[in-house]
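Following the hints, put chain B in place on chain A, whose structure we already have.
Just so you know, the protein sequences line up as chains A and B, in that order. Count along the first sequence starting at 1, add 8, and that's the number in the numbering used here. Count along the second sequence starting at 1, add 30, and that's the number in the numbering used here.
Since the hints were derived computationally from the structure, they do not count as laboratory data. Take the hints with a grain of salt, since some may be wrong.
What the hints assert, rightly or not - Derived list of chain B stretches under chain A, where covered just means 3 residues or more per stretch with a C-beta under 8 Å from a C-beta of chain A: (1) 69-78; (2) 134-142.
As the list claims (entries may be wrong) - Here are some chain B residues pointing at chain A (derived, C-beta under 7 Å): (3) 65; (4) 85; (5) 145.
Stated by the list, open to error - Partial pick of chain A residues on the chain B-facing surface, computed with a CB cut under 10 Å: (6) 18; (7) 19; (8) 43; (9) 47; (10) 52; (11) 96; (12) 98; (13) 105; (14) 110; (15) 114.
We treat Cβ as the ideally placed atom computed from N, Cα and C, and that holds for glycine.
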Amino acid sequence: QSVLTQPPSASGTPGQRVTISCSGSDSKIGSNYVYWYQQLPGTAPKLLIYRNNQRPSGVPDRFSGSKSGTSASLAISGLRSEDEGDYYCVTWDDSLNYWVFGGGTKLTVL
Amino acid sequence: QVQLQQSGPGLVKPSQTLSLTCAISGDSVSNNNAAWHWIRQSPSRGLEWLGRTYYRSKWHTDYAVSVNSRISINPDTSKNQFSLQLSSVTPEDTAVYYCARDLSGGYLFDYWGQGTLVTISS
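Just chain B, same shape as in the assembly:
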């Protein structure tokens, strides 16, 4: 059974960097048939895909245009986890952040983390 366990602060000050980690059990971040995503949800923006990382002989990352200049998603094979960093945050970045997996064969976002409410406030 795959489990995704999120960790990170729930409060970040404006202009600082939001950092979250998603620890994987029951699968490997290096799985050649999987991709690892970050998605957020807010009342104003709904569900919004932020980006993904995946391994296909080498590491790849893709990011949403809306956050492309501020986002970084990185795998950590030694800890079997991946992370999200979002810089220069504003109150607009307040949301519940989720990590999720997608598996080749069409199983898009088949497992999700528990969600982390991140509030951007001074």
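Next up, chain A with everything else stripped away, as it sits in the complex:
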């Protein structure tokens, strides 16, 4: 059972906007940055969002992140078929003193 809670699945049609949530606790999301990763089939995860809402160079602005209290969200606008894959949130856990992952959300583009 993952320390951070994500919905197991999400879906949308091309062009739509979808959001994926990630919830934790005060010692996790509440007091630390959240990071988001995209994992396409058969590949390693890729950094999508860092420090809650920053995009690394090369990540389209269709991807955005936000955080409020002990929850965070990843939004994908203008959904495309190539966005289909798994999405994970990550944060530092002040209680465990290491990085913890969400269980992942499988995004399907209908």
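Leaving out everything else, chain B in the frame of chain A:
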């Protein structure tokens, strides 16, 4: 461009030690602004952070509590690489193992190795 190239056996017998290496190009294992991690992924446990090593005037290592008594992560500056050793493995340790970098400034796990499927079986 940073590249992380993993190597090591894909099959390990129960009770033995799992050993993997991550060779770094485009950066240095001794980079004062970087940390070098091992992460694994399995259907039952999802993504799980295992530990890291980093250099800040001296070498530091941190390990996840779940594997703390069995894990060792070591840098090799002569070969610009770092390694993972996990002892007393069981079938529960079967997973895809990844090495990854994090860079000061918030770039957590910005580069990953290609992943190595390690199966624990006799």
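Hints, verified against the model:
Given a C-beta distance limit of less than 8 Å, the hint that chain A covers the stretch 69-78 of chain B holds, as 3 residues qualify and 3 suffice. Only residues whose C-beta sits within less than 8 Å of a C-beta in chain A count toward coverage, and the stretch 134-142 of chain B has 6 of them, enough to reach three; the restraint holds. Given hint, residue 65 of chain B at the interface with chain A, is violated; its Cβ is 10 Å from that chain's nearest Cβ, farther than 7 Å. Below 7 Å, beta-carbon pairs count as interface contacts, and residue 85 of chain B has none with chain A, the closest being about 19 Å; its hint is therefore violated.
The interface hint given for residue 145 of chain B holds, since its Cβ lies 5 Å from the closest Cβ of chain A, which is under the 7 Å cut-off. Using the Cβ-Cβ criterion of 10 Å, the hint placing residue 18 of chain A at the interface with chain B is not satisfied: the shortest such distance is roughly 17 Å. Interface hint at residue 19 of chain A: violated, since its Cβ lies 20 Å from the closest Cβ of chain B, which is beyond the 10 Å cut-off. Using the Cβ-Cβ criterion of 10 Å, the hint placing residue 43 of chain A at the interface with chain B is satisfied: the shortest such distance is roughly 5 Å.
For the restraint placing residue 47 of chain A at the interface with chain B, the shortest Cβ-Cβ distance is roughly 9 Å, inside the 10 Å limit, so the hint holds. For residue 52 of chain A, the suggested interface contact is upheld, since its CB lies about 4 Å from the closest CB of chain B, less than 10 Å. Evaluation of the residue 96 of chain A hint against chain B yields a held restraint, the C-beta minimum of about 6 Å falling below 10 Å. Given hint, residue 98 of chain A at the interface with chain B, holds; its Cβ is 7 Å from that chain's nearest Cβ, closer than 10 Å.
Contact between residue 105 of chain A and chain B, as hinted, is supported at the beta carbon level, the nearest pair being about 7 Å apart and thus within 10 Å. A distance limit of 10 Å between C-beta atoms decides the matter here; for residue 110 of chain A the minimum to chain B is near 8 Å, and the interface restraint holds. The interface hint given for residue 114 of chain A is broken, as the beta carbon of that residue sits about 12 Å from the closest beta carbon of chain B, more than 10 Å.
Of the hints listed earlier, those the structure fails to meet are numbers 3, 4, 6, 7, 15, in rising order.
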